[in-house]
Amino acid sequence: MRTSTDRRTAGAPAAPLFGNRVIYLALLAFALLAASGSASDPPAGAHGLTVQVLLYSGRPDPLFTITDDARMAQLRQLLGQAAPDPAAGDRKTVLPSILGYKGILIDNPGGLGGLPHRIAVYHGNVEVRDGATRFLTGGGALEGFLIDEAVQSKALDPRAVELLRAERAKLR
Amino acid sequence: MRIRPRLWTLPLPAVVLLLGGCCSKPTFTPGFWNDGGLVQFHNNCYNYSNDHRTDTFAQPGRRAGAMYGSLTCAAVLAAATADGIPRLPAGGSCHWGRDKIALVVAPGWDYHWYRQDKNGMWTHKPGGTQATNLDNSSHPISNPETADRGPYTDFCGYFCSCSSATEGSGHENIN
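Protein chains in written order, with the working numbering: chain A, 2 to 173; chain B, 31 to 205.
None of these hints come from the bench; they were simulated from the model. The beta-carbon is built from N, C-alpha and C at its ideal position, and this holds for glycine as well. Treat the hints with care, as some may be off.
Stated by the list, open to error - To give an idea of the chain A side of the interface with chain B (calculated C-beta under 8 Å), a few residues:
1. P61
2. D91
3. T94
4. K103
5. R160
If we strip away everything but chain A, and leave its shape as in the complex, we get:
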């Protein structure tokens, strides 16, 4: 009588079968990990705006989200106060490549609140990306609002709060 061991011996060897299972499980685990995203990835943004305060060079920048409709409406109103910048010329971005505070970036892939997909602001200059890129000026109130939100978000360490308060004071 043939046992299961006999059948294994007569047919495909056990090791490759076991190996296939291991490979399958490894691929499954990899897919699950990839789907969950890494710690440095910002949230997907389906339920809110992802706001990133650009402070660091090496460390990941602090993130927080704006989820409620009232704040999104306020953002839309403040963005509406900014006007096209006639001095933009061939500017590529408003975010400076410097060490220290480099502005605030809003990612809104879902287009929530009637807001553009990406907004960047630094020292009152605004960059709006929604298909095309537009440059605006007079975004100090928008930047101030975002700094206040960042400070209240508890996403920042005390030194970052101090630095942002200094940046906030420059906007007045």
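Using the hints provided, position chain B relative to the given structure of chain A.
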């Protein structure tokens, strides 16, 4: 049948090629990094200085499971060394096509890296912003020790990185 060369039978340059890839000093190619999207916002100064795009905002020591525990020169130097990037003694120069990279720290706050390009000048990428050849005072960087570095006041030292002739494809194992 797969043929595996026996290392001891090969000339030294071939061994270097097989083991470490081909190190090459980088040229300033900001267009590769400054796409305003995935590459720009997911690669930082550590990626840029090592000329290695990972899209993970790479951290010193993370690949090796030995990430820095504090934001001091000593801690970040140790983390980068754990990643296998050789430290350069003061006054030394890099060999085998490796290029100089420099570490600075804003104590207790953050770290930053610069790289020396083929033309001898230094360039960097501050976090998710664009790669640039200018310092905080908008001056080209001939020496990272004297450049305007804003709050990154501590100069920590130099390393030798195995960069690539193809931008973003450096050979150091970082993540």
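Structure-based check of all given hints:
Against a cut-off of 8 Å between C-beta atoms, the interface hint on P61 (chain A) holds, since the closest Cβ of chain B lies about 5 Å away. The restraint placing D91 (chain A) at the interface with chain B is violated, with a minimum CB-CB distance near 14 Å, outside the 8 Å limit. Interface hint at T94 (chain A): satisfied, since its Cβ lies 7 Å from the closest Cβ of chain B, which is below the 8 Å cut-off. For the restraint placing K103 (chain A) at the interface with chain B, the shortest Cβ-Cβ distance is roughly 5 Å, inside the 8 Å limit, so the hint holds.
Annotation: R160 (chain A) was flagged as interfacial toward chain B, and the flag holds, the nearest CB pair being 6 Å apart, inside 8 Å.
Comparing the model with each numbered hint stated earlier shows that hint 2 is the single one that does not hold.
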